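Chemist: This is what each chain is made of:
Number of protein chains: 2
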Amino acid sequence: MLYKNAGVDIDSLNVIRKGIGRHATKTFSARKRSEFGLFGGIFSMGPDILISSCDSVGTKIIVACATGVHHTVGADLVNHCVNDILTTGALPLFFMDYIGFSKIRGKIIVDVVRGLARACRNEKMALVGGETAQLTRFYPDGVYDLVGFIVGTVNKKNYIDPAARIKRGNVIIGLKSSGLHTNGYSLARRVLLRKYRLSSYIPELRCSLAQELLRIHRSYRKDLEPRLRYVNGLAHITGGGFYDNIKRILPRNSSALIRKKAWRPLPIFNLIQKLGKVPEDEMYRVFNMGIGMCAVADEKHLRHFRALRPKIIGEIVRGDFGVKLE
Amino acid sequence: MLYKNAGVDIDSLNVIRKGIGRHATKTFSARKRSEFGLFGGIFSMGPDILISSCDSVGTKIIVACATGVHHTVGADLVNHCVNDILTTGALPLFFMDYIGFSKIRGKIIVDVVRGLARACRNEKMALVGGETAQLTRFYPDGVYDLVGFIVGTVNKKNYIDPAARIKRGNVIIGLKSSGLHTNGYSLARRVLLRKYRLSSYIPELRCSLAQELLRIHRSYRKDLEPRLRYVNGLAHITGGGFYDNIKRILPRNSSALIRKKAWRPLPIFNLIQKLGKVPEDEMYRVFNMGIGMCAVADEKHLRHFRALRPKIIGEIVRGDFGVKLE
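From first to last, the protein sequence lines stand for chains A and B. Mapping of the first sequence onto this note's numbering: position 113 corresponds to residue 113, and the numbering continues sequentially without gaps. Remember, this note's numbering sits 326 above the position in the second sequence when you count from 1.
FYI, nobody ran anything at the bench for these hints, they're computed from the structure. Just so it is clear, the structure is predicted and the values come from calculations on it, not from any experiment. Quick reminder that beta carbons are idealized off the backbone N, C-alpha and C, glycines included. Misleading hints may appear alongside valid ones.
Coverage of chain A stretches by chain B, computed from C-beta distances (three or more under 8 Å per stretch; other residues unrestricted) [stated by the list, open to error]:
hint: 1; region: 48 to 62
hint: 2; region: 108 to 115
hint: 3; region: 121 to 132
hint: 4; region: 146 to 154
Computed list of lysine to aspartate or glutamate pairs in DMTMM-like fashion (alpha-carbon distance at most 25 Å, straight line) [as the list claims (entries may be wrong)]:
hint: 5; chain 1: B; residue 1: Lys344; chain 2: A; residue 2: Asp141
hint: 6; chain 1: B; residue 1: Lys548; chain 2: B; residue 2: Asp374
hint: 7; chain 1: B; residue 1: Lys482; chain 2: B; residue 2: Asp467
hint: 8; chain 1: B; residue 1: Lys493; chain 2: B; residue 2: Glu652
hint: 9; chain 1: A; residue 1: Lys26; chain 2: B; residue 2: Asp549
hint: 10; chain 1: B; residue 1: Lys352; chain 2: A; residue 2: Glu225
hint: 11; chain 1: B; residue 1: Lys352; chain 2: A; residue 2: Asp223
hint: 12; chain 1: A; residue 1: Lys103; chain 2: B; residue 2: Asp549
hint: 13; chain 1: B; residue 1: Lys429; chain 2: A; residue 2: Glu282
hint: 14; chain 1: A; residue 1: Lys107; chain 2: B; residue 2: Glu652
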């Protein structure tokens, strides 16, 4: 099975995003710093740069609704956004959320926000507001969409500009993910729910399917914050997997070689690949495969990352082929 | 008919918001300036304060989907957000959008963003990014939800603190709305679509129902920006109508008296009230009734507003009764 068969068409999404980018770039002034399509929006303000990002938890929300566990998706959303702006070197300032629904128990919303607020506290960020919107007869009963907006800040001199920092010969450090994070759920559910129920205990996973699918998206802030000066580029492995996300930070005439043998994918990914007969390449295009964040660094700085037990999963090489997994 | 009958229960939404607020306030640090529940999130950054807000266009989106006109809701969203932060004296810096859908033509999304981008340009703000999320089998086919996130800034000395500025005897100036703006659509559709089609020409409105319902939410930024120093408080009349929105800016022991006779509601509101047999009080609790923004000012500064052809719709009086319409 391909991601497309599960209803998500990354290629046509990319065409849409190009159309969007054309309109968006018309709104840029001198204070808007960079290209449309990076992980975070970038805006200059004196010596500091404001970095913002917007995300949802995608169809992971369906798992939350099916199991009745709602605080975890709140934390997923916060951590996803934190990781996105971290790629520029930015640390969190504040967060807002949107919850859209038609008919839902109030307790569910409060649970979501409890998870959001706890994660915001962990990330030292204020949850400054949000919108709880009831849209009559629009959403299916009992479900809701959840969207997060983050604003962070980085001093100009600490801003991570991968185009300027990344050099050929740099190593690519892979940091472990906690599971699917918030990507590939349409494909994962399609494949897994043909055989299992959410409540099924799965020996390979040593937990129930629901527990595995609701694992909270890991935040890399605590681990990376003290090491940002040694980082030349960060790629948060989300929708688009290794290909689209690492490509975004590659300088001209530089490409990334990733050695798949350098780490062992988490059991959940093996299970999805086997059950769904998903081509291996498609797996690395959709999922994080156990590596949720890639940090590009000088080999001589590797010792600063040792405490994180990093996997050296690849390197930056000459060439224009983009991202190659071997 | 009441708003509740159309599926929207403002009271229980307010209970939910209280639950949310309890969790959110736990994330506040010294840099987070004010109470949860204002129009915009507030965050100190040096001499400037960042003001942010998050909103959707609610079920106005259903009208857009039914008519195939999508650029207007993009502009609605931007202008709604601009007005929200304007209430603190803040001017727009940047904007992000979220579009969630399951199955939709790509052109629709590009249309939405075209409207967003044009409105951002008008408001001198950058559309720095956003998220276009395809959630398989979650949204009904052909529809999407649209969420906007704005960040603006105001210098500390220009920040409009209504608690400090508003005095008894101040007048309440009403600024005209362009129509329903983005509120009360669940009730409006329920009432109007019993009798009319969206394509029906309605003599009282001098246009089709679709044209009336898709009128773009007016931005008050251009009119109010040069006059902000004469403003003691601003209430954007959105969900919750006159009651909830004006209440938010009232200082202790001060209340607002609104004279309904001071202006003539737009024909669309008369039509909804008549057709739906909606109690008059409910109308002023759900809709803007033709007044989209209320500015509180010293009577002696009224001349600065003259060019806007303002309606003096009420005043600030002693008492703790909140907002009273007579």
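Chemist: Can you list which hints this structure breaks, lowest number first?
Modeler: Hints 7, 12, 14 are the ones this structure does not satisfy, whereas the remaining hints hold.
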